[in-house]
Structure formats: structure tokens, C-alpha cells
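Working from the sequences, and respecting the hints, build out all of it.
Read top to bottom, the protein sequences are chains A and B.
With numbering that gives the first Met the number 0, letter number 77 in the first sequence gets 76, and the count goes up by one each step, no holes.
With numbering that gives the first Met the number 0, letter number 55 in the second sequence gets 54, and the count goes up by one each step, no holes.
You may find that some hints are simply not true.
Quick look at which bits of chain B chain A covers, simulated, 3 or more residues with Cβ under 8 Å [unchecked claim]:
id, region
1, 20-28
2, 270-276
3, 302-311
Label-pair restraints from in silico Cβ distances [unchecked claim]:
id, chain 1, residue 1, chain 2, residue 2, range
4, B, 316, A, 266, 45 to 51 Å
5, A, 242, B, 302, 29 to 35 Å
6, B, 282, A, 248, 40 to 46 Å
7, B, 154, A, 19, 23 to 29 Å
8, B, 15, A, 303, 22 to 28 Å
9, A, 2, B, 259, 41 to 47 Å
10, B, 316, A, 47, 22 to 28 Å
11, A, 226, B, 30, 32 to 38 Å
12, B, 258, A, 11, 53 to 59 Å
13, B, 235, A, 302, 41 to 47 Å
14, B, 282, A, 302, 22 to 28 Å
Stretches of chain A that chain B covers, calculated by requiring three or more beta carbons in the stretch to come under 8 Å of a beta carbon on chain B [said to hold, decoys possible]:
id, region
15, 39-49
16, 238-249
17, 259-266
18, 291-305
FYI, nobody ran anything at the bench for these hints, they're computed from the structure.
Note that CB positions come from ideal geometry on N, CA and C, so glycine has one too.
Letter by letter, the chains look like this.
There are 2 protein chains.
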Amino acid sequence: MSRYVPSAELAGRVVNGEVYAIARLISRAEAGLTEARAALAGLYARAGRAHVIGITGVPGSGKSTLVSTLAARLRTGGSKVGIIAIDPSSPYSGGSILGDRIRMTDLVNDPGIYIRSMATRGAMGGMARATMDAVDILDAGGFDTIVIETVGVGQDEVEIARASDTTVVVSAPGLGDEIQAIKAGMLEIADVHVVSKCDRSDANRTLTDLKQMLTLGALTADRPDWQVPVLGISSYTGSGFDELIDALTRHRAVALHTESGRRRRVAIAGFRLAKTAENLLLERFARASSELTPDFAERLVRHEGDPYSLANELVAASFGKEDP
Amino acid sequence: MSRYVPSAELAGRVVNGEVYAIARLISRAEAGLTEARAALAGLYARAGRAHVIGITGVPGSGKSTLVSTLAARLRTGGSKVGIIAIDPSSPYSGGSILGDRIRMTDLVNDPGIYIRSMATRGAMGGMARATMDAVDILDAGGFDTIVIETVGVGQDEVEIARASDTTVVVSAPGLGDEIQAIKAGMLEIADVHVVSKCDRSDANRTLTDLKQMLTLGALTADRPDWQVPVLGISSYTGSGFDELIDALTRHRAVALHTESGRRRRVAIAGFRLAKTAENLLLERFARASSELTPDFAERLVRHEGDPYSLANELVAASFGKEDP
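Here you go:
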């Protein structure tokens with residue numbers, strides 16, 4: 000049995016870039032351990048240096064392959080790259096990592112790459128909170144670029160991809176082109192649109208459709224300082240990645256030095272605070288209500304009240320005189 | 000434009016079995032409309048008559064086909080059957096219903112069958128609450144059997160399938176048999192195990208594996224009054240459905256008249272109260288914090304505090320002197 004390393008000690012080792020400490024502290028953030036909070040709070044002060052890139056797209060859009068190739072390219076340029084993959088099927092994450100990440104075998108022995116899969120369920124809806132804590136940990140640990148990869152199904156996943164410095168939406172030809180990004184509400188969140196699999200002959204159609212849709216729209220109206228590019232890439236031939244890296248770098252520079260970029264950082268901070276606060280609130284309620292709930296449940300079974308009024312009463316009784 | 004029908008009026012029409020009113024009130028429950036709460040609370044008093052069956056299994060296990068066939072059989076026996084399908088890919092629910100439910104075309108013109116897909120995201124984690132409200136609405140509307148179908152990925156989905164009178168776990172041959180139910184933590188929640196696709200030659204192996212695993216286990220220790228059956232069915236040949244319906248009926252009778260059945264109803268009521276209370280709490284917080292959050296977000300961006308301490312402060316400031 001290895002000893003329990005206090006989170007404060009882990010945090011110190013995170014700052015030295017120790018991968019073991021990074022992995023353990025992310026696990027504690029994911030589990031929502033109270034003991035880890037002071038350490039995470041401390042690391043926040045050291046974070047804010049990395050470029051955080053959210054990458055999303057529907058299943059089959061080629062996200063994971065793009066992320067692998069992009070990471071390898073950035074690595075060649077000397078950057079340390081962290082990848083956080085949000086896995087929607089939590090109980091299967093073991094299998095899913097294997098399936099999804101098999102292409103990443105080239106990367107996994109490189110200490111300048113860190114790949115991590117996060118569960119999406121449980122932990123009191125704390126996925127967004129935990130993901131943002133994990134970003135801070137990697138950031139404080141010296142990772143230059145941190146990619147948050149989410150599958151673009153589900154509001155939570157799309158929101159997390161959006162809560163980054165630069166959001167990339169990946170579309171692929173042949174998936175019912177014009178509608179895939181719209182359907183998930185992903186069209187308007189993209190700072191950069193990428194069409195993957197551009198070695199295929201039908202990719203041009205997807206590129207044209209996307210460009211047309213963007214010119215139609217007030218979609219980019221909240222980006223006064225940035226023209227959303229639509230880039231074609233092929234992970235197979237390697238084409239388009241120079242342009243993608245260039246677009247990511249340019250977008251970051253714009254975001255750092257404009258008022259619209261600052262407004263976005265404030266919006267992300269608000270999202271993060273809301274998620275963290277919700278998490279704290281639900282934890283406190285779970286603690287405060289645990290002894291009272293069985294009695295209330297008996298009353299509900301006996302139909303001595305309805306679910307709404309009894310839940311209301313349970314909240315009041317749990318917090319009593321105290322504020323939550 | 001049709002006029003806005005008050006929820007109280009809809010509730011009255013639900014009790015008369017009007018499908019239009021049922022559909023609208025479920026939508027309001029799903030949206031978490033405050034205006035609908037008194038009506039939903041009122042319907043709770045009229046619910047509790049239906050047999051609620053949770054059916055879950057991994058993707059590809061043949062759940063939807065089983066549910067369709069089961070519904071048709073129960074219908075032949077004279078029961079009114081409601082089906083609530085929990086769809087994990089909310090933004091695609093349109094497409095998903097179509098894909099999943101195409102086999103149900105025989106059923107959709109029968110007024111004794113009601114099929115409804117629920118979104119899994121958004122609404123402040125209110126999926127469980129909304130689903131249980133929908134069950135009450137169908138129950139009060141005269142549906143005799145209500146099937147909650149969830150895909151067995153994700154803790155929330157499995158929990159909802161469990162929060163029913165009788166939980167059925169579906170496994171299929173050829174999916175990596177022995178492990179599929181275990182992986183998702185579904186093995187122990189089953190009151191009835193079903194192996195689908197028993198027209199296939201490899202189904203026997205799945206049946207044997209499952210039976211063996213059940214005899215091994217303390218898995219059924221919390222079911223003193225019930226021996227968990229493992230049934231083979233084929234929606235293709237129709238075999239096994241008589242046995243399944245018999246098992247469901249027997250399980251219900253046992254659940255209604257034993258102490259273990261009562262304990263389960265209390266546990267489900269506790270789960271429901273917790274979910275409803277969490278929902279209320281998050282709504283109140285969202286309301287109370289909305290004006291304060293931008294200021295706190297500015298402070299977080301300026302690093303005048305960390306996410307945890309600022310979230311804590313935001314909760315305190317939102318609820319002020321008031322209890323939540």
C-alpha cells in the first residue's frame with residue numbers, strides 16, 4: 000500500500016511537472032474530494048498560461064484522429080500538450096479509451112503528452128467543474144496547449160468545448176453534411192471550423208456548404224474581431240494542419256488582446272463559478288438531508304404529501320436556520 | 000395560435016385519459032414549468048395504480064425491439080401501455096426516435112399505446128424528476144403498464160431503470176456476453192434478466208453464463224422473497240414473451256405484498272425526493288445568483304480569488320439571510 004499523499008504535496012509536485020502527481024490530483028478533482036480543494040484553489044493562481052482549445056464534433060466526425068495528429072504536430076514544435084477527453088459513456092470509459100485512443104499509441108510514451116479521459120456522470124453533475132480543475136492542473140504543470148475533446152452530443156459536452164480559449168468544431172463529409180453542426184447547436188460556437196477527411200472527394204461539398212452557411216449568418220456577429228475560418232484537413236495525408244495551427248495561434252492572440260476576448264473570459268468564468276457553486280450546493284444538501292430523507296420517503300410512500308411539497312419541506316428542514 | 004391551457008385544466012383532462020393533455024403536461028414537466036407543479040402534485044394522489052417496469056441494457060442488446068413486442072403483447076391482453084424512452088443524445092432526439100422507434104410503427108396508431116421520448120440533458124439535471132412525473136401523468140391517465148426504457152450507459156440512466164416496480168435487464172448474445180451487464184453495474188439491479196435474440200445459436204452460452212453468475216452471487220441477497228429468473232426471448236419468433244409477462248406479473252405481486260417490496264418503494268421515494276429537491280435547489284440558486292454572477296466572474300478573471308472560494312461566496316451572497 001502506498002501512503003496517502005496529501006493534495007498540498009501533490010500540488011507542489013504538479014508545479015514541478017511530475018506526471019504522477021498530475022494524474023493523481025486530477026483523479027481527486029474528478030472525485031470531488033474536499034481535501035483537494037485548497038490545493039486546487041492554490042493551483043488556480045499558477046494557471047492561465049496555457050492555450051486551452053475545445054474540440055467537438057458529432058460521432059464519426061474524426062475528432063480523435065484530428066486531436067492525435069494535432070498533438071503530434073504541436074509536440075514537434077516543442078509544445079507540451081495535454082488532452083482531456085470527455086467520455087459520455089462513463090461506465091465503459093475503460094473500453095472507450097482503448098477504442099478511441101488506439102491511434103494514440105505513438106503518443107503515449109512521450110512525457111510531453113498527457114492524455115486523460117474524464118467520466119461524464121455522477122459526482123453531482125460535476126463534470127464541467129472537474130474538467131476545468133483538470134485544465135488548471137495541467138496548466139500549472141507546464142503544459143502549453145490543453146485540448147478538451149468532447150463528443151458534440153448533449154448540452155453539457157457542447158458547453159464544455161465552448162468554455163475554452165478557442166473552440167474548434169469538426170465536421171466530416173458524408174454524415175449529412177450541412178446539418179451536423181447545426182443540429183447540435185455547434186455551428187455558432189466555433190471559432191474555427193474544420194472539415195476532416197479532405198482526402199475524400201465529397202469533402203469539397205461540405206466545405207462549400209459550411210462556408211455558405213457562415214456567410215449567411217449573424218452567426219459570427221458576436222465575434223467582431225475575428226473571421227471564422229473553414230479549414231479542410233486530412234489526417235491521412237497530413238494536409239491542412241499548418242493552416243489549423245496558424246488559425247489557432249492567431250485566434251489566441253486576438254482573444255488575448257481584444258475586448259471581445261475579455262468578455263468571453265468573463266463569460267467562461269461565470270460558467271465555471273456557476274458549475275462549482277451548484278456542485279457545492281448539492282454536496283451540502285446531500286450531507287444535510289441524509290438523515291431526514293428516509294422519514295420523508297416514508298411519508299411520500301404513504302401519500303402524506305406529494306413529491307414537490309415534500310421536497311420543498313426537505314430542503315427547508317435540511318438547511319434549517321443555516322444558510323446553505 | 001392555440002390558447003395556453005392552464006396545467007390544472009390539463010390535469011383534469013389527463014384523468015379522463017386524453018392523450019393530447021397527457022402529451023402537453025409531460026412536456027411541461029420536462030421543461031420544469033413552475034406553473035405545472037400544483038397540477039403534477041395533484042396527479043400524484045391519483046397515481047400508484049400502474050405497474051412501472053424499468054427496462055435497460057447496453058446499446059445493441061435489443062431493448063427497443065423487446066419493448067415493442069412486449070407492449071404489443073400486453074395490449075392484446077387489454078392493458079393500456081405507456082412507454083417512456085430516455086434518449087441519451089438529447090440534441091438528436093428527433094433522429095433517434097425515428098431510428099429507434101421505426102419498429103414501433105405498428106403501435107403508434109393504437110390509442111392504447113403512448114410512446115414518449117425524454118431528453119437526458121439540461122433542465123438542471125431534472126431528467127429523473129421529469130421521468131417520474133411523466134410516469135404519474137400516464138398512471139393517472141389510466142395506463143396500466145408503464146415501461147421506462149433506458150440505455151444502460153451512465154449512472155443516471157441505470158438509476159432511473161432501477162426506480163421502478165420491476166427492473167428488467169436485457170443482454171444479447173455476441174456482445175461479449177458475460178461482462179455486458181456487470182460492466183454497467185446492471186447485473187445486481189435486475190429483478191428479471193432477459194437474454195434477447197434467442198433464435199441465435201450462441202444465445203445458450205449467454206443464458207448459461209448469466210445463470211452461473213447469479214448462482215455465484217450474494218447478488219440477489221437483498222431479494223429475500225424473489226428468485227431472479229433468467230429468461231430467453233426472441234422478438235423474431237416471439238418465443239419467451241409469455242414467460243416474461245408471467246415473471247413480471249409474479250414479481251409485481253410479490254413486491255406489493257412483502258416487506259422487501261415496501262422497503263424498495265421507500266428507497267425509490269427517497270431517490271425521487273432527492274432528485275426533486277436538488278432540482279428545486281438549483282433553480283432557486285440560478286434565480287438568486289443571476290445578478291451577482293457577472294461581478295464574481297470579473298473577480299475570478301482578475302484572479303482575485305479562486306473558483307472554490309468565490310463559488311462559496313457566491314452561494315452565501317445569493318441566499319443571503321434567506322434559507323434556500
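### Query
Has the region 270-276 of chain B got at least three residues whose CB is nearer than 8 Å to a CB belonging to chain A?
That given contact holds, which follows from 5 residues of the region 270-276 of chain B lying within Cβ reach (below 8 Å) of chain A.
#### Entry: CB-CB spacing for residue 302/A and residue 282/B relative to the 22 to 28 Å hint
Between residue 282/B and residue 302/A, where Cβ atoms are some 25 Å apart, the hint holds.
### Query
Can the region 259-266 of chain A be counted as covered by chain B under the rule of three residues or more with Cβ-Cβ separation shorter than 8 Å?
Check passed, 4 qualifying residues.
### Verdict for residue 2/A, residue 259/B (Cβ pair) under range 41 to 47 Å
Distance hint for residue 2/A, residue 259/B holds at roughly 43 Å.
### Message
For the hint 53 to 59 Å, verify it against the beta carbon of residue 258/B and that of residue 11/A.
### Response
Cβ of residue 258/B to Cβ of residue 11/A: about 54 Å, so the range 53 to 59 Å holds.
### Message
Against the range 41 to 47 Å, how does the distance between the Cβ atoms of residue 235/B and residue 302/A compare: consistent or not?
### Response
The hinted range 41 to 47 Å holds for residue 235/B and residue 302/A, with Cβ atoms some 43 Å apart.
### Query
Per the hint of 32 to 38 Å, is the separation of the Cβ atoms of residue 226/A and residue 30/B within bounds?
Taking Cβ atoms as reference, residue 226/A and residue 30/B lie about 37 Å apart, which means the hint holds.
#### Entry: Coverage claim, chain B over the region 291-305 of chain A, checked by counting residues with Cβ within 8 Å (three needed)
holds (count 9)
### Query
Under a C-beta cut-off of less than 8 Å, do 3 or more residues of the region 39-49 of chain A approach chain B closely enough to confirm the stated coverage?
holds (count 6)
### Task
Take the region 238-249 of chain A, compare each residue's beta carbon with every beta carbon of chain B, and decide whether three or more fall closer than 8 Å.
violated (count 0)
### Task
Confirm or reject the claim that residue 316/B and residue 47/A have a C-beta distance inside 22 to 28 Å.
24 Å, holds
### Query
Taking 45 to 51 Å as the hint, is the beta-carbon distance of residue 316/B and residue 266/A inside that range?
Taking Cβ atoms as reference, residue 316/B and residue 266/A lie about 19 Å apart, which means the hint is violated.
Violated hints for the displayed structure, listed by number in ascending order: 1, 4 and 16.
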